[in-house]
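**Student:** I would like the entire structure built from these sequences, with the hints used as guidance.
In case it helps, my numbering puts the sequence shown at residues 329 to 777.
Treat the hints with caution; some may be incorrect.
Quick list of simulated restraints, FRET-style, between CB atoms [claimed, not checked]:
| # | residue 1 | residue 2 | range |
| --- | --- | --- | --- |
| 1 | T644 | L763 | 48 to 58 angstroms |
| 2 | D519 | T644 | 17 to 27 angstroms |
| 3 | R377 | Q485 | 36 to 46 angstroms |
| 4 | D519 | P655 | 51 to 61 angstroms |
| 5 | P412 | R663 | 43 to 53 angstroms |
| 6 | R663 | T759 | 57 to 67 angstroms |
| 7 | E390 | L339 | 15 to 25 angstroms |
| 8 | A334 | D651 | 35 to 45 angstroms |
| 9 | R422 | R377 | 50 to 60 angstroms |
| 10 | G534 | W380 | 40 to 50 angstroms |
| 11 | G582 | G698 | 33 to 43 angstroms |
| 12 | P757 | R663 | 45 to 55 angstroms |
FYI, nobody ran anything at the bench for these hints, they're computed from the structure.
Ideal Cβ positions, reconstructed from N, Cα and C, are used throughout, including at glycine.
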Amino acid sequence: MLSCYADSFDLGSIQAHKEGSRHWIKDKGPIIESYIGFIESYRDPSGVRGEWEGFVACVNKEVSKKFGVLVDSAEKLLRLFPWPAEFEKDVFLRPDFTSLEVLAFGSSGVPAGINIPNYDDIRQDEGFKNVSLGNVLAASYGAGDKPVAFIAEADQQLFKALKGPAFEVQVGVHELLGHGSGKLFHQNTEDAASLVAAGFLNPVTGEPVTGPFYAAGATWDSTFGKMASAFEECRAECSGIFLCLEQEVLEVFGHAVHPDEGVHDIAYINWLLMAHAGVRGLEFYTPETKGWRQAHMQARYVILRVLLDAGEGLVTVVHKTGDDGQPDVEVVLDRSLIMTVGKQAIGQFLLKLQTFKSLGDVVGGMEMFGAYSEVPEDMIALRDIVMARKEPRKLLVQPVLRREGEEVLLERFDQSPAGMVGSFVARFPATDLELMELYRAEKQAVCDN
329 MLSCYADSFD LGSIQAHKEG SRHWIKDKGP IIESYIGFIE SYRDPSGVRG
379 EWEGFVACVN KEVSKKFGVL VDSAEKLLRL FPWPAEFEKD VFLRPDFTSL
429 EVLAFGSSGV PAGINIPNYD DIRQDEGFKN VSLGNVLAAS YGAGDKPVAF
479 IAEADQQLFK ALKGPAFEVQ VGVHELLGHG SGKLFHQNTE DAASLVAAGF
529 LNPVTGEPVT GPFYAAGATW DSTFGKMASA FEECRAECSG IFLCLEQEVL
579 EVFGHAVHPD EGVHDIAYIN WLLMAHAGVR GLEFYTPETK GWRQAHMQAR
629 YVILRVLLDA GEGLVTVVHK TGDDGQPDVE VVLDRSLIMT VGKQAIGQFL
679 LKLQTFKSLG DVVGGMEMFG AYSEVPEDMI ALRDIVMARK EPRKLLVQPV
729 LRREGEEVLL ERFDQSPAGM VGSFVARFPA TDLELMELYR AEKQAVCDN
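**Tutor:** See the structure below:
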């Protein structure tokens with residue numbers, strides 16, 4: 329695996345990195361987990377070029393047992409999705425799904441969960457890995473003392489108490505069953521020909537499927553371009569809120585006591601988290617360019633629009649005057665409508681997302697997703713309130729492992745901007761003695777021509 333990575337970085341070979349990734353997904357249940365390369369394309373305006381990242385983490389074996397149970401149940405749970413069996417993989421390739429405690433993560437941001445590698449052919453035919461970053465979840469979704477903006481007073485206590493556990497469920501389903509589900513049809517393949525020959529009806533249009541299908545060698549990202557990341561994150565997020573309503577899913581995460589009727593507290597807070605995130609996501613929209621700057625936030629805004637369009641009072645954004653006398657809003661979710669109006673709306677939307685993705689229908693997919701991504705005047709007014717009440721972005725200060733003789737030390741830093749700078753200086757010193765040793769050892773073998 330490491331040799332393949334080295335070849336990839338020496339020669340700029342994507343194929344070598346793919347080979348390294350093939351070795352990586354076969355390394356099941358390691359104690360120390362790592363991955364490195366040009367991975368996620370979120371920051372590329374075209375949604376194609378990967379950003380450099382690398383991480384090292386240790387496995388939390390106790391929490392990973394939960395995810396193992398979820399993997400064991402995956403084939404049954406996949407059948408609960410609203411799309412036809414033809415749109416699901418012929419064989420579910422059981423992934424390694426672990427909870428990690430991050431030791432170091434080098435990139436512009438640190439995610440809460442990852443589903444990799446991002447190579448479609450490997451994911452579809454050979455497998456993938458899911459990881460949930462436990463200490464990132466704990467740091468990012470702690471309760472805190474202040475009231476949560478845009479959450480009604482009646483929901484504050486429950487929201488603060490359960491947003492962490494609810495998001496753990498969301499991340500687990502999002503990564504394993506969201507990103508890990510669905511089948512792509514390529515032109516001139518047996519799968520596509522069988523679909524056409526059977527007279528299979530497009531679930532969105534009701535017409536017999538004739539294509540368009542993916543071109544030979546095309547991938548999801550190359551076909552759907554700059555909208556691919558937000559579209560796929562939306563599909564995975566919808567998968568999370570759709571399946572968190574299932575008792576079996578909640579039991580996997582230790583939430584075994586269910587109400588006699590209605591939805592579980594965890595499911596309610598997960599849905600409220602999503603609607604709330606849709607409002608907060610407006611911070612990442614730029615009115616001047618009418619563009620979105622972050623795929624996950626665009627996805628959550630789209631879901632908010634779907635829930636608002638469902639009507640019947642499922643989700644309401646209530647305008648009010650805050651305690652400071654300035655305009656404010658509250659996101660109100662009618663708990664009694666989640667299992668009916670809410671589940672039906674998200675189910676129908678998921679079906680459309682999967683249909684467009686499976687068939688490679690760029691035109692239909694971009695038309696629908698683009699319409700939901702639009703920010704009309706009433707949402708611009710809502711964005712003004714969100715921006716006026718914008719809080720400083722939470723920053724994750726990473727510790728540094730260093731060696732002194734035979735002893736390994738963990739150096740911690742203050743939870744402050746100064747601590748953040750100190751962490752970076754410690755990890756990336758002006759003079760790195762170990763790096764210089766490697767440079768001198770390999771200098772003779774390097775050709776600058």
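**Student:** Now tell me, hint by hint, if it's right for this structure.
**Tutor:** So, going through the hints one by one against the coordinates:
{"no.": "1", "hint": "T644 with L763: 48 to 58 angstroms", "in the structure": "56 angstroms, holds"}
{"no.": "2", "hint": "D519 with T644: 17 to 27 angstroms", "in the structure": "44 angstroms, violated"}
{"no.": "3", "hint": "R377 with Q485: 36 to 46 angstroms", "in the structure": "44 angstroms, holds"}
{"no.": "4", "hint": "D519 with P655: 51 to 61 angstroms", "in the structure": "53 angstroms, holds"}
{"no.": "5", "hint": "P412 with R663: 43 to 53 angstroms", "in the structure": "31 angstroms, violated"}
{"no.": "6", "hint": "R663 with T759: 57 to 67 angstroms", "in the structure": "58 angstroms, holds"}
{"no.": "7", "hint": "E390 with L339: 15 to 25 angstroms", "in the structure": "41 angstroms, violated"}
{"no.": "8", "hint": "A334 with D651: 35 to 45 angstroms", "in the structure": "58 angstroms, violated"}
{"no.": "9", "hint": "R422 with R377: 50 to 60 angstroms", "in the structure": "31 angstroms, violated"}
{"no.": "10", "hint": "G534 with W380: 40 to 50 angstroms", "in the structure": "45 angstroms, holds"}
{"no.": "11", "hint": "G582 with G698: 33 to 43 angstroms", "in the structure": "40 angstroms, holds"}
{"no.": "12", "hint": "P757 with R663: 45 to 55 angstroms", "in the structure": "53 angstroms, holds"}
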